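Asks: Keeping their order, the protein sequence lines are chains A and B.
Under full-length UniProt numbering, read the first sequence as residues 1 to 471, first letter to last.
Under full-length UniProt numbering, read the second sequence as residues 1 to 471, first letter to last.
Incorrect hints may have been included.
Repeated chains share a single entry, so a pair holds when one copy, or any two copies, can fit it.
Claimed, not checked - Below, simulated EDC-like cross-link-like pairs (lysine to aspartate or glutamate); rule was C-alpha separation at most 20 Å, straight line:
1. K185 x D206
2. K148 x D441
3. K184 x D264
4. K30 x D206
5. K30 x D112
6. K30 x D102
7. K82 x D223
8. K106 x D230
9. K82 x D195
10. K82 x D244
11. K82 x E114
12. K148 x D121
I should point out that these hints are in silico values taken from the structure, not numbers from a laboratory.
As the structure is a computational prediction, the values presented were derived from the model and not from experiment.
Number of protein chains: 2
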Amino acid sequence: MNEQNVIPDELRWVRGRPGDRLDENRPTVKAIGRLLKHGETDTVRKLLRRWHPRDIVELLVQLPLKRARKLFLSLPPGPAAKVIAGLNDDFRAALLEDATIDRLIKLFDSLDPEDAVDAIDELPEEVQARLLPHLRDFGTISELMTYKEDSAGGIMTRKFVVVPPDWTVDQVINEVRRHANRIKKLSAVYVVDADRRLTGYLKLRDLLLHPSERQVADIMRTDYVAVRSDMDQEEVVRITERNDLASVPVVDADGRLLGRITSDELQRVVRDEAEEDLHLLSGISPDTRPDEPVLGIVRNRLPWLLAGLVGATVSGSIVGSFQQEIAAAAILASFIPMVMSMAGNAGIQAATVAIQGLATGTIWLGDLPWRLGREVLGALINGLAAGIILAAVVLIAGPYIGIQEPALLALTAGLALAGVTLLAAVLGATIPLLLNHFGIDPAMATGIFITTGNDILAVLIFFVAATAIYL
Amino acid sequence: MNEQNVIPDELRWVRGRPGDRLDENRPTVKAIGRLLKHGETDTVRKLLRRWHPRDIVELLVQLPLKRARKLFLSLPPGPAAKVIAGLNDDFRAALLEDATIDRLIKLFDSLDPEDAVDAIDELPEEVQARLLPHLRDFGTISELMTYKEDSAGGIMTRKFVVVPPDWTVDQVINEVRRHANRIKKLSAVYVVDADRRLTGYLKLRDLLLHPSERQVADIMRTDYVAVRSDMDQEEVVRITERNDLASVPVVDADGRLLGRITSDELQRVVRDEAEEDLHLLSGISPDTRPDEPVLGIVRNRLPWLLAGLVGATVSGSIVGSFQQEIAAAAILASFIPMVMSMAGNAGIQAATVAIQGLATGTIWLGDLPWRLGREVLGALINGLAAGIILAAVVLIAGPYIGIQEPALLALTAGLALAGVTLLAAVLGATIPLLLNHFGIDPAMATGIFITTGNDILAVLIFFVAATAIYL
Numbered sequence: 001m002n003e004q005n006v007i008p009d010e011l012r013w014v015r016g017r018p019g020d021r022l023d024e025n026r027p028t029v030k031a032i033g034r035l036l037k038h039g040e041t042d043t044v045r046k047l048l049r050r051w052h053p054r055d056i057v058e059l060l061v062q063l064p065l066k067r068a069r070k071l072f073l074s075l076p077p078g079p080a081a082k083v084i085a086g087l088n089d090d091f092r093a094a095l096l097e098d099a100t101i102d103r104l105i106k107l108f109d110s111l112d113p114e115d116a117v118d119a120i121d122e123l124p125e126e127v128q129a130r131l132l133p134h135l136r137d138f139g140t141i142s143e144l145m146t147y148k149e150d151s152a153g154g155i156m157t158r159k160f161v162v163v164p165p166d167w168t169v170d171q172v173i174n175e176v177r178r179h180a181n182r183i184k185k186l187s188a189v190y191v192v193d194a195d196r197r198l199t200g201y202l203k204l205r206d207l208l209l210h211p212s213e214r215q216v217a218d219i220m221r222t223d224y225v226a227v228r229s230d231m232d233q234e235e236v237v238r239i240t241e242r243n244d245l246a247s248v249p250v251v252d253a254d255g256r257l258l259g260r261i262t263s264d265e266l267q268r269v270v271r272d273e274a275e276e277d278l279h280l281l282s283g284i285s286p287d288t289r290p291d292e293p294v295l296g297i298v299r300n301r302l303p304w305l306l307a308g309l310v311g312a313t314v315s316g317s318i319v320g321s322f323q324q325e326i327a328a329a330a331i332l333a334s335f336i337p338m339v340m341s342m343a344g345n346a347g348i349q350a351a352t353v354a355i356q357g358l359a360t361g362t363i364w365l366g367d368l369p370w371r372l373g374r375e376v377l378g379a380l381i382n383g384l385a386a387g388i389i390l391a392a393v394v395l396i397a398g399p400y401i402g403i404q405e406p407a408l409l410a411l412t413a414g415l416a417l418a419g420v421t422l423l424a425a426v427l428g429a430t431i432p433l434l435l436n437h438f439g440i441d442p443a444m445a446t447g448i449f450i451t452t453g454n455d456i457l458a459v460l461i462f463f464v465a466a467t468a469i470y471l
Numbered sequence: 001m002n003e004q005n006v007i008p009d010e011l012r013w014v015r016g017r018p019g020d021r022l023d024e025n026r027p028t029v030k031a032i033g034r035l036l037k038h039g040e041t042d043t044v045r046k047l048l049r050r051w052h053p054r055d056i057v058e059l060l061v062q063l064p065l066k067r068a069r070k071l072f073l074s075l076p077p078g079p080a081a082k083v084i085a086g087l088n089d090d091f092r093a094a095l096l097e098d099a100t101i102d103r104l105i106k107l108f109d110s111l112d113p114e115d116a117v118d119a120i121d122e123l124p125e126e127v128q129a130r131l132l133p134h135l136r137d138f139g140t141i142s143e144l145m146t147y148k149e150d151s152a153g154g155i156m157t158r159k160f161v162v163v164p165p166d167w168t169v170d171q172v173i174n175e176v177r178r179h180a181n182r183i184k185k186l187s188a189v190y191v192v193d194a195d196r197r198l199t200g201y202l203k204l205r206d207l208l209l210h211p212s213e214r215q216v217a218d219i220m221r222t223d224y225v226a227v228r229s230d231m232d233q234e235e236v237v238r239i240t241e242r243n244d245l246a247s248v249p250v251v252d253a254d255g256r257l258l259g260r261i262t263s264d265e266l267q268r269v270v271r272d273e274a275e276e277d278l279h280l281l282s283g284i285s286p287d288t289r290p291d292e293p294v295l296g297i298v299r300n301r302l303p304w305l306l307a308g309l310v311g312a313t314v315s316g317s318i319v320g321s322f323q324q325e326i327a328a329a330a331i332l333a334s335f336i337p338m339v340m341s342m343a344g345n346a347g348i349q350a351a352t353v354a355i356q357g358l359a360t361g362t363i364w365l366g367d368l369p370w371r372l373g374r375e376v377l378g379a380l381i382n383g384l385a386a387g388i389i390l391a392a393v394v395l396i397a398g399p400y401i402g403i404q405e406p407a408l409l410a411l412t413a414g415l416a417l418a419g420v421t422l423l424a425a426v427l428g429a430t431i432p433l434l435l436n437h438f439g440i441d442p443a444m445a446t447g448i449f450i451t452t453g454n455d456i457l458a459v460l461i462f463f464v465a466a467t468a469i470y471l
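So here's chain A without its partners, still in its complex pose (with noise of 0.2 Å):
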């Protein structure tokens, strides 16, 4: 046949195995790349026919986001649906970027609602208002869009296997039978009385374990924990973690079954929170992607320099105030780095630490004096080190540069340098817990703040040492 001639021998795609599969499939990767390049995409279309959906996820992750978009648009809607679900968010969104919405709308007639709901979130508000009328579950789409997006709701499937207590164990795996293809991740079957309310579950074990005339009620687990559909994930996460869950089941107020979360939403949920925290801290919109657009770069970021730069303005004012003392003694100047770069990354780690024991549940408020009481002491010490040597190297190098008083000056240097560590880890450590006391997340307002707020401090404590001590 003629298309063996045109498909050259590197093509052959070798299944995921553990360690060498990436590098054994690189020519294969790259034989691919290049087809594309030269707009051979109908024969690269042929060549991925009898593909498992697995591996050409597997493909497009590997090939420069140019070509792995022209190659997805160019893939049927049924494998590209099955390849959809499988991707990360951010890569979905990117490879989706570039589709036309006739193209969306067939994509998203192949998907599962609850798949089409999560990839639909992903793209941008205009498109959603001109695609979603035209889906065919348009009605189930738009009421799983209603649970907020970080809610339990907004992450729980609605596939599940549910069956009455009275039923048997047999009527129960028949239940299971008849849904086991359409449900991926199935670890348990939940037990519901008449009004839909949640009263047990089943592990699939307990199925095998039973004699198939038993009926539910014996043998169902009521030790069951559930979350509310309107819970905040992270709050999920937590408790999953705690009650070392694999999956969860979602109530509404009055304790219905409305859904459960799977593990691998649960993971992604982890991964998000922590990136999130992540890019805050960082001084980045929660919402920024690796491959984001100029405009992405500019939207995402510019706020928080700009912020960043309000708070750096006042600090240039403050030293602008002691214009008079830097022109007796420049040398003044030169010590602003050095406080500036001390107060910054004193308060982030304070901060972080605190946010990230916030996030785990590691930090409990009954804990807070001792917590405080550790911080201080610790940064004390950190402080007076850090202070020790700046003093230490002014006395040294002082003489061979010129310095005027070098003692003064070191005695100047050392003691803000200690304080403004003392006071930044302090701070740092406080406002996140603060923060989210008054029900604010604390990596939102923490990162860039809390390093331009102690900026500030720092220029400030270092030139009233200064005039006090050595001018």
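Following the hints, position chain B against chain A.
Replies: Chain B only, in chain A's frame:
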């Protein structure tokens, strides 16, 4: 009975129900805390005798650490072991801090070897060395401890069900039944050949769906994804996420089945890896805990503060080398905070995005030219915007605060800010990718180093610009 008089009504613990759980138990937590404070440990222990371990965990987490430790140390080894298996690593380590070796021996002897290994890993090395030889499962535990802590082998459990391909469904069900109580999170049965090499797997539901006399070989799934025991845990998570797996089998170099990694373990790894990145970027050692003692605050933070101080000293020296210029125009010193803040923030923003992209696998090196192009353009826009704003502020405020030649100073400050932002973003985006290319953990070497490296560049660029344009 007397006991009823001793135990006040508020001590009734409400089992976990969605949402209202924590609030309803707050009086109980307070009352128990009070009892512990007054040394009534025996009363509390009696009270907890019938409590579910999960509720004791819940109680411990809500008590101040000091009292939680007191209570935990007073629990009998059996319940204490059950409690300890349900705790997260940090909290466990905090609780065990005061425990005697004898107490630890009793505790770990009541745990499964795997749970024991996890907890022992968190103990200080000198305690491990004294403890290990006394444990009942010394052999197994030592063997498990040979795997690197953050490798697939280090996080796997050896509790799983394995069957040969010639068994019938009925035989497999019996095997599951035999192991059911011992194994948590059982979702699949693995199929191995005579050499114990992994050849396939069955989901539990497959056992329900097929007639009991069918042979395993006929119905087993062969599209398994396994990981090698020496694979890094971060790579394991990437593979499971990409393949949408809840758990994954672990094999040795010859493909022999060694264990499996469960969904909750994967979730823990995701959290730990994200925390590690957050820590490193914030300038804290990766093993920092929110409840670290004073010595930990010094050990985990001082080295990074000093590294920052070294960089800042270089910045300070550069400022110092422009002493004459500063003496001539002290206003120049006011701009040090602005350029430093912009450089630090823009650098850390770009670095965070790059590091996160590397961690989640959404950055492809094949995409590098595009990525950098976007980053340069975005940084240029951000830098110009900030530069124009700062220049406008100088122009407007200049006449009022007696700045000489405000137009030239505005030009200097604006240009320097734009240039610094551009350079900082490019370095921030490239350095993590370069480090990753050479096999160094990018989060490790970024954080404070990018910030201070950019600080140095920032003051240099600013003073060079000032000398050229303003003076």
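Asks: Hint by hint, say whether it matches the structure.
Replies: Quick rundown of the hints versus the structure:
1. K185 x D206: Cα proximity of K185 and D206: in one copy and across copies (16 Å, 13 Å).
2. K148 x D441: within (17 Å within a copy, 36 Å between copies)
3. K184 x D264: both (10 Å within a copy, 17 Å between copies)
4. K30 x D206: neither (49 Å within a copy, 38 Å between copies)
5. K30 x D112: Neither way: K30 and D112 sit 33 Å apart in one copy and 47 Å across, limit 20 Å.
6. K30 x D102: Classified as neither; 31 Å inside a copy, 60 Å across copies.
7. K82 x D223: For K82 and D223, the Cα distance is within 20 Å only across copies (16 Å; inside one copy 36 Å).
8. K106 x D230: neither (31 Å within a copy, 43 Å between copies)
9. K82 x D195: neither (35 Å within a copy, 35 Å between copies)
10. K82 x D244: between (30 Å within a copy, 12 Å between copies)
11. K82 x E114: This pair counts as within: shortest intra-copy Cα distance 13 Å, inter-copy 37 Å.
12. K148 x D121: within (10 Å within a copy, 39 Å between copies)
This entry does not satisfy hints 4, 5, 6, 8, 9, going by the numbered hints stated previously.
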